Amino acid sequence: MEAASVPKKKTSDRTKSEHKLAWMLCAPAVIAMLLVTAYPILYAFVLSLQRVDLRFPDEGGFVGLGNYVDVLTSSLWWQDVANTLGLTVVSVSIEFVLGMGIALLMHRAIFGRGTIRTSVLIPYGIVTVVAAFSWQFAFQPDTGFVNQLPFVADDMDWFGERFSAFAVITMAEVWKTTPFIALLLLAGLTTIDDGLYEAARVDGANAIQRFYRITLPLMKPAILVALLFRTLDAFRVFDSIFIMTRGSVDTESVSILGYNQLISRLNLGLGSAVSVLIFIAVLGIAFLFVKGFGTAVPGREED
Amino acid sequence: MLLVAFLVCGALTVGLVACGGSDDSDGGPVELSWFIFNEPSGVLPKIAEKCSDSANGEYTIKFEYLPSDADQQREQLVRRLGAEDDSIDIMGMDVIWTGEFANAGWVEEWTGADEQAATKGVFPSVAETARFEDKLWAAPIWSNTQLLWYRKDRIPKPPKTWNEMFEQAEKLGEDNLIEVQANRYEGLVVWFNAMVESAGTSIVQADDAGEVALDQAQTEKALGLMVELANGPYADSAQSTSTEDTARLAFEDGSASFMLNYPFVYPSAKDNAPEVFKQLGVAPYPRVDADRPAAPPLGGINLGVSSYSKHQEEAFDAIKCLIQPQNQIEIAKAGGLPPVQEGLYDEKQIDDVYPGFAQLIRQAIDNAAPRPVTPAYQDLSLAIQRTIHPLDSIADDEAAIQQKVEELRDNVQTALNVEGLL
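Chains R and C, in that order, give the protein sequences. Take any residue in the first sequence, note its place counting from 1, add 2, and you have its number in this note's numbering. Take any residue in the second sequence, note its place counting from 1, add 1, and you have its number in this note's numbering.
Hints were generated in silico from the structure; no laboratory data involved. Just to be clear, a hint being listed does not mean it is correct.
Simulated pairs of lysine to any residue, SDA-like, Cα-Cα distance not exceeding 20 Å [unchecked claim]: (1) C:K161 x C:R288; (2) C:K136 x R:P59; (3) C:K51 x C:G336; (4) C:K334 x C:E314; (5) C:K136 x R:F58; (6) C:K279 x C:P159.
Nothing here was measured: the structure is a model prediction, and the numbers come from that model.
Please build the complete structure, drawing on both the sequences and the hints.
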């Protein structure tokens, strides 16, 4: 396929055989990937075009895009998309600002670098479900410690109302994944040559100018990776919400919606349609990021 | 040894089907797997052992524990059943799973003498939870129901109706909370079903479980009381996340004067809050209408035989042993779970488990209205939860409640048709 568009170059036998070897070496990985990712995705797509419900084994059949129509015309789906996007934007923004701050601090830390970097990672190392339970217990009106703190009403029911429930969920997400962003950004920071800063300083640039003119532009690839990973992750948020509210008081995310159709209702057709739509949304987000950041995508430098 | 066995076996049994090893045909006891949640008192392994011992080597029972949360029990079971897992023999089924499991072909029907054995002397209301399309799919082993628990030192005479209870609570002023289960989970549907049944209507029609009933006037009355409670001064500030356990805790710390809950709260208060326990009163579930008996909630576990089990005959035998009256008494004594046979409530042993309120439990189970038996129960439950939770978001006025009931009827019908997202 490529040979048609690319002007023909003379390839030696040696290059050819190297290409062949490369393909053979990759083949096991490619086959494994096809089996564990392509097959389930295709199967979900096939299911999403049918009425399949484990509770009604005798009823079924091809329904075309019927399941998608059901999902897309449901106010619940759009409500959950809005919830998920809102949570994603708010939590990733906070994580980015905090993560950048922590990364700068860690980069400039004079002593105990290793210890600081390790200890910052602790929240990220905790299993999400466990972390979610800790946050839930902390904010429980009767038994949690938060309501005992000054300036907090003793009978505040955090999970009984939408805004406060989202606030706790967002805090839990931020607490848990800021270290991840901080580490990725730190990796980006360390690649910047100190000489650039010195040159800027000699030219009279102040700290803010140095940050905006040198640090940020040079960190673009690292920022892209950090934000892309976190956004995709945040869009699929499940554990925290499942543990804390189970999606009540309008805090449901699209993943919880999919779970309800697939696991609770055993309505595999409808559930697969939700899953495929989430997959498309995630692809869309990735696409937007890559377009938005232009050439900074890692792996495209050689273009 | 193995090698010898193999050689001998090979030499002797050319042309024969089975040789050695497998427990299917060599006369050794079959090992049955019983999937059920880990009942905390530990009485189930005891009765299982008793049954294994008396089975003359027919079977032994092995436990596979499910999570304690009812939704998660179901999710784990149906995932295995959906994959036709043959490692399940006996299933501890919540009373609301019958329609779903039967329609999906996951559970074996009880017929003839087995059916007789499974339902003899059992409360009709309880037996109904195990039936779907006039066939029996499981054998009830224990039941459960809710009573009204109140503070004797604050309330001289327990209320007969919900309205009376609201008045008494309002007069109390402080520590006047009424504890219910109103989180967005099955417990809310348990309460809702009890309320509409007490008001004289049902969620689905009696002759067609695929059609919504929910008579307008009666449902408005039932839902109206729930909304009045949620918006009243006697509602717990955390009512919209309340469960059986948060209700128990609020009652044990003294801030509540009323609580609708299962009998497990009795031994719990005795152990955890002796001062409260001294003042613990118990009364029948409150009525919606003063002149119509209440229809209290009905819970419990029925035992079913998996359709994918390779030892169905032994599983039926084991269940028939497990549900013996003596075992029901053991379960009540150790775990506090009410027996399913009405006659057992005349036994002194049961009276000792529920001192002074054994007859109240019997009456409650007798009057109880099971939740609808339909393969779409999960959808129905989700639809109701979504529509009425949180209760305090519904304004306590006629127009809002009327509109909510109409919405409820639409959503329940959509759920019964297994349509739309939930």
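Do the hints match the structure? See the list:
no.	hint	result
1	C:K161 x C:R288	6 Å, holds
2	C:K136 x R:P59	19 Å, holds
3	C:K51 x C:G336	17 Å, holds
4	C:K334 x C:E314	30 Å, violated
5	C:K136 x R:F58	18 Å, holds
6	C:K279 x C:P159	16 Å, holds
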